[in-house]
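Undergrad: Residue numbers (the numbering used here), protein chains in the order written: chain A, 6 to 256; chain B, 6 to 256; chain C, 6 to 256; chain D, 6 to 256; chain E, 6 to 256; chain F, 6 to 256.
These aren't lab readings, by the way, just hints derived from the structure by calculation.
Any given hint could turn out to be false.
27 Å max Cα-Cα, derived DSSO-like pairs, lysine-lysine [unchecked claim]:
1. B:K243 - A:K238
2. B:K68 - A:K68
3. B:K228 - A:K243
4. C:K243 - D:K238
Residues of chain D placed beyond 12 Å of chain C at every Cβ, according to the derived structure [to be verified]:
5. A32
6. R96
7. R173
8. N192
9. H195
10. G223
11. D231
Small disclaimer: the values here were computed from a predicted structure and weren't measured.
Backbone N, C-alpha and C fix where the C-beta goes; we use that ideal spot for every residue, glycine too.
The chain contents come next:
There are 6 protein chains.
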Amino acid sequence: MHIRLINPNTTAAMTATIRQAAEQLAAPSTTVSATQPDAGPVSIESHFDEAVSAVGVAEEVLKGEREGNIDAYVVACFGDPGLLAARELTRAPVIGIAEAAFHMATLISTRFSIVTTLGRTGIIAEHLLEQYGFSHHCRRIRAAEIPVLDLEDHPDAAFSRIVQECCRARDEDGIGAIVLGCGGMANLTHAISHEVGLPVVEGVSAALKLAESLVGLGLHTSKFGDLDYPRPKPYTGKFADFSNLTLPPTR
Amino acid sequence: MHIRLINPNTTAAMTATIRQAAEQLAAPSTTVSATQPDAGPVSIESHFDEAVSAVGVAEEVLKGEREGNIDAYVVACFGDPGLLAARELTRAPVIGIAEAAFHMATLISTRFSIVTTLGRTGIIAEHLLEQYGFSHHCRRIRAAEIPVLDLEDHPDAAFSRIVQECCRARDEDGIGAIVLGCGGMANLTHAISHEVGLPVVEGVSAALKLAESLVGLGLHTSKFGDLDYPRPKPYTGKFADFSNLTLPPTR
Amino acid sequence: MHIRLINPNTTAAMTATIRQAAEQLAAPSTTVSATQPDAGPVSIESHFDEAVSAVGVAEEVLKGEREGNIDAYVVACFGDPGLLAARELTRAPVIGIAEAAFHMATLISTRFSIVTTLGRTGIIAEHLLEQYGFSHHCRRIRAAEIPVLDLEDHPDAAFSRIVQECCRARDEDGIGAIVLGCGGMANLTHAISHEVGLPVVEGVSAALKLAESLVGLGLHTSKFGDLDYPRPKPYTGKFADFSNLTLPPTR
Amino acid sequence: MHIRLINPNTTAAMTATIRQAAEQLAAPSTTVSATQPDAGPVSIESHFDEAVSAVGVAEEVLKGEREGNIDAYVVACFGDPGLLAARELTRAPVIGIAEAAFHMATLISTRFSIVTTLGRTGIIAEHLLEQYGFSHHCRRIRAAEIPVLDLEDHPDAAFSRIVQECCRARDEDGIGAIVLGCGGMANLTHAISHEVGLPVVEGVSAALKLAESLVGLGLHTSKFGDLDYPRPKPYTGKFADFSNLTLPPTR
Amino acid sequence: MHIRLINPNTTAAMTATIRQAAEQLAAPSTTVSATQPDAGPVSIESHFDEAVSAVGVAEEVLKGEREGNIDAYVVACFGDPGLLAARELTRAPVIGIAEAAFHMATLISTRFSIVTTLGRTGIIAEHLLEQYGFSHHCRRIRAAEIPVLDLEDHPDAAFSRIVQECCRARDEDGIGAIVLGCGGMANLTHAISHEVGLPVVEGVSAALKLAESLVGLGLHTSKFGDLDYPRPKPYTGKFADFSNLTLPPTR
Amino acid sequence: MHIRLINPNTTAAMTATIRQAAEQLAAPSTTVSATQPDAGPVSIESHFDEAVSAVGVAEEVLKGEREGNIDAYVVACFGDPGLLAARELTRAPVIGIAEAAFHMATLISTRFSIVTTLGRTGIIAEHLLEQYGFSHHCRRIRAAEIPVLDLEDHPDAAFSRIVQECCRARDEDGIGAIVLGCGGMANLTHAISHEVGLPVVEGVSAALKLAESLVGLGLHTSKFGDLDYPRPKPYTGKFADFSNLTLPPTR
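Bound conformation, chain A alone (with noise of 0.2 Å):
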């Protein structure tokens, strides 16, 4: 089994962190790839910033269809940007990171919170709880306000904004378990987990299981309905390679 991490912002060293971190926990016969696009934002951090990494997430699914061999797509970033648009372009399962989060965090307590980077990036994650269902689920969202390049750059004080903030959630919030919120946090899930005491939910880690609990029950995106693959059609300018796109057969 293929799984193919998709890394939606351009930072390599990210990527590795995240590529890493679900190595680390892939079942023996599960294959690992990682990529970011070619084009878009260092890091995402608005909306801006995840429309345009959208995009980027789709030409890596096309990439990956092309190659052939993947079961499942991970997109790996908290706002799960392009994550319809992705399911459309193949039959293989996608997983958003922040869609797992959720759902594993629901499977192991009543409510949780969601500790995040920057506070404007919140109602992304608000959002998203509405669209999938989770909303009553999740008691609050929590900001570190840290931009999501220091947990490359400023580990240390990264690591102990995040402990800080979660202690806060543990602390306060009534709940049972806490959503870390970004993919760039997927390293420090045990050592968080370690000093707040609670279980502690990581997206990359949790979708890497979804995609391979998904492919392994023989379930792909439906093509049936709204999820189909896009009515071919001419694109312009420099989305052009994206006319008239034929897409592999089923599988």
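The hints should help you fit chains B, C, D, E and F onto chain A, whose structure is shown.
TA: Chains B, C, D, E and F in isolation, oriented as in the chain A frame:
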């Protein structure tokens, strides 16, 4: 007052349709201009088309900001692609035509139905209704099952199918108004309303009026909190132009 | 275009305040007139005051219909008293200032708070948010705890209390905009916004603009279905004038 | 114990119908009296009728308070007109017949349908279901499409239509109980139930029993917070009698 | 009329407390009896305790049905354990004390808070609020953090803690009433209300009155649809007595 | 990794069906074992059956904990009976098959329908959808109207009825996937999917995979907050074995 209509697809004929519909209803003191992205799909009929067009919408807003004399923007595709991203890029109001039509429909009726083009795009409208809070105002999302470009290429057949579905909505759904679910129907509003006998709300004109209203009120997109300008950062590849955006000063 | 503002309470000074606020923002081609009921409470601060004022609102709409040249109505009390009843009585659009402010606030921010006069009226706003679908857009309903008429009688103290509460909303609620929860604050919008630094949405002006918009769009209150004219019937006692209403023909 | 039924319309025959239905089910120690407003519509079939009748309901509560020996009130129109206003005017419990029927129906079934008179009043019930929290308990709102006064004037035809619609509800809606959506059906409950074979919940009797219950429990309408007595103030014109209400002391 | 109170735990002292509280408020013509299961937990403070006690509740209903003269049942634990199962076993109304308290609280106030025993049981109340539809009526679920049996064993300390938390609810939550979240508090209602000054709703007495009401109305648990008698079938082991239940004929 | 399937009913043949379905899909390193309670109903088709089987589920978890080598549990009845109680009894993950199927279905489609056995159990699924947050993802709950044990006793007729209802769901509901609403259908998944042509999600296998996932992630049921081990206490009668549970130490 200068209002810029952004047609998120790249079909110039549809841009013209939209502009004409808006010009007919604009206030005397309002200048209407219309653009479409340099790059993107010729029509928007899937999440994938939406995702790509969102970048085009953002680029058009950035262009508008560089022009420097635009007071408000309208995103003229019924999925409101890139709406929150666009709002981050400007202090000017940015209005989506789906939200505009929903808002207006609730002011003249207690319940409405949507008549859109393809059934597969219904889920996009459904997600917007949930996010905006209008789910319980909408009785049903109906599709005429015509591709978007048929509105340009086979207008009579398209019109006939839309009217047919609107009549079903009127007779079966227990509604007071119909929302047209595609920017490309902007020039058909009065003819449809004439055939159906119900108030018919079309988003392009509705958004134009909401944009005029917000400018008239002196209200701008909030730069306090989660719609603030994106943090400047490097973008790579074909999106390198987005790097370190220097956004125009506050008006 | 002639827009009639109906101040649902009977305090003429507040009618003047509302009219002035609206006139400053009306389009050049818009005539604004303002009335208040012949009978009713001098201010609206309870469900009981609301219930009585709803009759006054309906009477003012009927008067307007007899005048015959009114294109839209604004109900200028934040509880939107008698709004659906008023809509039944006319084909002209009728806009409430609470709904208007909510709609506008969602177009420039993702989340807002309300600052109203007395805490006891918060439940009225809460019920409106639920009915209109904006509950999840509103972070908090706050009260300055000043009686409505203090806005006329002790304007400086009232202004000071309102600004204080708005600043708390800005600093504690995680919002992008503030909605002013009383028609009597219509003349304070800019001063409050100046003090607070956030977009401040005020309902009278918002409703005026929505009314202008709907008229501009040629949209009228739907007479199809549940907002149709009331069935004519006998009314008794002091309401006998409502008997067998002959409503003006369709424009 | 003295329970006052308030028929919000001014048709004395319907007041008698309601009183008889309640008397048959009242506890031996309960005195039932019934009134209707001095002024208002002969039947309630629109938001406008509702708005006017709400004043009549408030006046009847104030009369009752002056009488001084009333332990609870029932507002006997299915739209619960003026319910919250009435609660402000007294410490006695005030029960609406729509809310009463909804509460009772949820105690004996998991899902119910409503059968009301005119389709146009369905939206009133729908708004109440939302406000009270019962939307997901109600499968469908159905209308027999008979004017309210037909219940008095053409009882056989009305009964036949209602039974027909109740049978459809039973056969198509997947429900366990039916709620009758008009106070004027109070005398038909058993006959309808006999024809339909499902539990049929009627609001007048349900409200009577809830009123008896609250009095028996020593519970009164909370005067703490938003249902406190209205602040005394001047009222003008035909509502001048409401000025500076001196409400009876706490019992 | 004979109403059977079922204390779902096996502590006879609490059964007595509940019975006395109910007897004081029962109508003269109502006979109140109270039982507890032969088997089960001495108190209910977890989902596990709930699950076991649900069987005891069902057994007590079956016993009551064999006695044959019981008109309604009350399930006297705030989690309403086994409520829907109990309803399947009888045509008599079955009322849970949590639902009863919620219903009554909404009739005398617009918003309430719950004060329960242990914080860990808050989620049970939260799930019930969601299922019943009262989530938006409840401002906050508070816990006195006392084990249930402290109500019997250390009544003074327990009372003091409960009053303390009720006062916080009154002062901080913006409510009009308090719901007591444990059947074991049934005898404290008046004393708590006296200390706190707000209406205090207690479920045992509320359920008694709702049971009297439904019987008085001639309403029974619907046997049409999903609350019909369970299909008879073999049960094994210690539950063999449930095999092929022959339920009493319709009254 | 050792995953224990708990068939909540006492029909050994169904336990075997479930185990075989799971074994076919388990990872190579996963050991699957399956049990059923010593006591309880032979099938689960009502709230009453559910309530009794919840105790059996809890007992099987306690047995498993005494065995001491079980890494996760699956509760293999579509009503998820006793799920939260089971979670309190162990640090191991416990997954219900209804929740598992819902989670998986939302990952491969935007909207799904459920096809269950008897219509009367639809309300159980409906309540679960509400509690879990998936109500708006489920278009419709359909029943094949076959008793559960027909799946064992009349498999061909049962299969035929299920396929028929699945085809209706596919053709009428606007969905992308079907959820099978009974553990006893576990062996039919592929055959049904083959007939219907849509992705078909079955809960036993879905839950197995989620259990494997959680164990693989090192996540356990949170013992912080409301899923903590039950407080030890006396249990009486046939449940005396639950007294003063000494639960295994944290792994």
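Undergrad: Run the structure past the numbered hints and jot down the numbers of the failing ones, going up.
TA: Hints 2, 3 and 11 contradicted; others consistent.
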